[in-house]
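Enquirer: Starting from the given sequences, assemble the full structure and let the hints guide the process.
Same order as they appear, the protein sequences are chains D and Z. UniProt numbering applies: residue 1 is where the first sequence begins, and numbers increase by one. UniProt numbering applies: residue 1 is where the second sequence begins, and numbers increase by one.
Simulated from the structure, these hints should not be mistaken for lab results. Be a bit skeptical, because a hint or two may be false.
As the list claims (entries may be wrong) - Here are the simulated DSS-like pairs of lysine-lysine, each with C-alpha atoms no more than 30 Å apart in a straight line:
id	chain 1	residue 1	chain 2	residue 2
1	Z	Lys535	D	Lys41
2	D	Lys126	Z	Lys71
3	Z	Lys171	D	Lys82
4	Z	Lys93	D	Lys42
5	D	Lys126	Z	Lys182
6	D	Lys93	Z	Lys71
7	D	Lys126	D	Lys60
8	D	Lys119	Z	Lys387
9	Z	Lys147	D	Lys42
10	Z	Lys171	D	Lys119
11	D	Lys82	Z	Lys535
12	D	Lys42	Z	Lys71
13	Z	Lys93	D	Lys128
14	Z	Lys535	D	Lys126
15	Z	Lys171	D	Lys128
16	D	Lys126	Z	Lys171
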Amino acid sequence: MVTTDEKGPLTAKKKSVIIRSCDGDEFLVSESAAVLSTSLKKILEEKEDRLIHLSDIDNKTLAMVIAYLSTHADDGLSDDLKRSFDQEFVSGKEFDVLKYLVLATDTLQVTCLCYTVAKKMADIMKNKLVEWVRREFDIQNDYTPEAEAEIRRLDAWAWDDRQLEDD
Amino acid sequence: MGKQGRSQRRLPYIKKVLYKKLMMRGAKKQAAERDDDGSVDRISNLPQHILDHIISFLSQEEAVQTSVLSKSWRYLGSTRSTIEFIDSHFIGKNETFMSILDKTLQGYHDQKLCVQEFLVWMSNVDSESVLVLPKWIPRVVIDMGVKTFLLHYYLENSTYFDFPSVVFEAKSLEELYLERCKLGGLKAPDKVLFSHLQTLYLTRVYITDETFQKIISSCPLIEYVFLFNCEGLRTIKMNKLHNLQEFDFRDHNDRSIEEEDDRSIEIDAPTIETIIILGCPNWFHHHMYFPHLSYLYMEKVRLCSKSSFDFLSCNLPCLEDLVLVSCYGFEEFQLLNRSIKRLTVWGMEKSIKATIDAPNLVLFEYEGKIPPSISFTAITSNEWKSKITLWYDVDIDTDRSSSSWLLKLNKLLNVVSRSEISLSLFQHTRTNHEQLFENVVPDQLVVVEHLNFSLGGYPCSSLPPFLNCLFRICRPRFIGPYLHDNPLIETVMPQKNLTEYLCKILVMERETMHFFWQQDLEEVSMEASDHNNGKEWHPVLIQETNNQDRPQNVRFRLKWKELIEMSLISPNS
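Expert: So this is what it looks like as structure tokens:
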């Protein structure tokens with residue numbers, strides 16, 4: 001009972017921000033969550049606007065970023081819980097989803113999430129053959145076979161007979 | 001109303017100024033996405049700084065390999081902002097670790113590239129090729145503007161790597177990790193320009209008090225300081241630091257407690273959240289006020305109210321964990337703290353007295369030889385746990401000590417009787433003091449949730465007197481051999497025999513054995529756990545298993561008559 005009474009007025013005072021995605025949908029976010037993004041923080045410091053339009057971030061990506069921000073703004077959650085949330089957050093996500101997330105977090109300057117997502121993307125590439133990476137990400141090999149062989153020869157030290165996965 | 005109108009009018013302006021860049025990036029992205037044959041490259045069109053970020057997580061080899069993906073990847077890996085070399089990767093290769101490191105750094109130098117992270121692990125290098133380090137370290141830390149510098153230098157039969165003192169002029173440095181280095185000479189450096197340094201992590205580094213002091217006083221932004229087994233440090237002063245969050249000092253060198261030891265640590269940092277001190281006897285602090293300290297760990301620290309620590313006068317309004325391991329110099333301590341949640345006292349050789357006024361405690365852990373004399377006041381938390389581990393090391397010949405040991409344990413259990421008790425006992429000496437307790441009238445019987453024990457290599461025949469003693473003071477809901485995490489100990493002291501014998505006493509030959517507690521015991525059932533952590537238990541039928549195929553981790557669930565309810569309701573009456 002006491003805690004609710006104490007929390008009541010505070011919650012009422014908590015400011016909210018409306019963030020609109022490029023699809024036009026609007027998301028209500030607490031200011032404490034929004035300011036975890038350095039870009040949003042700057043906007044909120046400079047302007048009194050409570051409506052922020054993000055012309056480069058779609059609904060799906062924005063919803064994910066906001067879920068992340070809200071979780072990290074929750075003082076009631078321990079750091080351990082937040083860390084496991086982060087792991088859960090990126091696990092099993094498609095590469096393209098991660099790509100839009102990393103672009104969004106870069107734009108919004110959410111350093112921690114940008115780090116987690118970029119690391120996850122690197123993990124997908126780790127221990128894979130070049131051929132696998134090309135195929136997986138549709139990278140067009142525009143080298144001639146001779147040119148490619150020459151590059152491999154120049155950095156011979158980086159290539160070895162380690163067992164590399166090839167799916 | 002007016003405000004709202006104004007903010008709406010402003011919106012196009014914000015959009016224009018702040019997101020012009022983004023929109024342009026979006027347009028470019030779409031144009032670049034389509035390839036000749038219509039397939040969409042899913043990665044190469046990411047902005048270069050993001051690609052750089054992604055490949056910074058790859059190993060140096062993998063990063064370099066990306067250069068053959070396509071022409072747009074040609075130089076990404078060899079110019080990325082991270083340089084990370086591990087010398088053991090070069091074993092059996094034509095080129096040496098040092099020649100490639102030299103060549104790589106030359107490339108960065110020629111192209112005037114910046115390096116954010118420079119990470120080098122060395123453990124197999126011959127002493128001559130080490131010479132490439134003094135050549136490049138000044139360029140890396142000064143010209144290339146490195147933010148994170150790590151040198152892990154671990155050569156067998158080798159002394160410390162004499163780290164170039166030019167490092168003190170590395171203005172851009174944010175994190176410095178050094179292992180097995182000598183940092184600074186005997187005299188403190190004239191100037192230290194670590195204006196951005198946030199993390200200082202020194203393992204087995206030789207550094208003098210003067211140099212360390214000079215560094216610390218030149219790092220206004222320092223947040224984390226880790227000092228592991230550093231030599232040369234005797235007096236550490238962490239004063240007037242307004243960003244320090246964590247201080248971690250560990251010295252594992254064995255020094256006897258009696259040895260005259262004047263090494264000391266002084267901390268005066270209002271923002272500090274975590275303090276870990278291991279193996280430095282003296283800790284001083286000026287104001288006894290750490291408003292943000294939540295974790296305090298002290299091992300082998302001399303604790304006495306005069307010189308070191310008085311938990312009563314110390315103002316720690318955010319403290320959640322207090323861990324005292326093998327601390328000495330005190331017989332009694334008082335703790336008055338409203339925020340503390342977990343109190344751990346380990347490695348107590350002597351008997352101690354403690355008065356604890358911690359209303360929010362959820363876990364009390366104690367490990368020592370003698371049950372401590374503790375009084376708790378004002379624990380309001382309904383669900384708290386106590387884990388008590390005792391090395392049952394009683395002198396066989398002195399009757400008095402063994403009987404008082406059991407009475408002390410009885411008192412302790414009564415004090416914590418409102419908590420969920422886990423009691424672990426390790427017998428170190430063979431005792432047969434059953435008769436001693438026939439005249440001893442213990443306090444109330446206490447319900448113990450888990451009782452685990454080890455007879456420490458003594459024959460199972462010492463089990464009945466052991467149980468007779470214990471069941472005079474407590475009634476466990478679960479009883480079983482102590483599960484060692486370490487499989488090595490398990491092979492030295494097999495607990496399986498103990499399980500068999502326990503099964504015999506409690507179930508199989510119950511009729512033939514006459515123990516005073518048998519009349520109270522209503523039901524015995526067996527549970528097993530497949531995992532060694534003992535977390536998931538499932539019931540097993542005692543009759544179904546014979547000695548051979550019985551699972552290794554077994555405990556017995558004991559159901560006692562009425563007594564349990566009695567002692568639960570009025571533990572201290």
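Enquirer: Would the pair Lys126(D) and Lys182(Z) pass a check requiring their Cα atoms to be no farther apart than 30 Å?
Expert: The hint is violated at about 35 Å.
Enquirer: Given the hinted pair Lys147(Z) and Lys42(D), is their Cα-Cα distance within 30 Å?
Expert: holds (25 Å)
Enquirer: Quick one, are Lys535(Z) and Lys41(D) close enough, alpha carbons at most 30 Å?
Expert: violated (45 Å)
Enquirer: Taking 30 Å as the top limit, are the C-alpha atoms of Lys126(D) and Lys171(Z) close enough?
Expert: violated (33 Å)
Enquirer: So if I understand the rule, the pair passes when the alpha-carbon distance is 30 Å or less; does Lys42(D) with Lys71(Z) pass?
Expert: Distance ~38 Å between Lys42(D) and Lys71(Z) Cα, so the pair is violated.
Enquirer: Against the 30 Å threshold, does the CA-CA distance of Lys82(D) and Lys535(Z) hold or violate the hint?
Expert: holds (24 Å)
Enquirer: Holds or violated: Lys126(D) and Lys71(Z), Cα atoms, limit 30 Å.
Expert: holds (20 Å)
Enquirer: Lys535(Z) and Lys126(D): Cα distance at most 30 Å?
Expert: violated (35 Å)
Enquirer: Check the hint pairing Lys171(Z) with Lys128(D) against an upper bound of 30 Å on the C-alpha distance.
Expert: violated (38 Å)
Enquirer: Next pair to validate is Lys93(D) with Lys71(Z); report whether the Cα-Cα distance is within 30 Å.
Expert: It holds: about 28 Å lies between the C-alpha atoms, which stays within 30 Å.
Enquirer: With a cut-off of 30 Å on the C-alpha distance, tell me whether Lys171(Z) and Lys119(D) pass.
Expert: holds (28 Å)
Enquirer: Between Lys126(D) and Lys60(D), is the straight-line Cα distance small enough, at 30 Å or below?
Expert: holds (27 Å)
Checked against the numbered hints above, the structure breaks hints 1, 3, 4, 5, 8, 12, 14, 15 and 16 and satisfies the rest.
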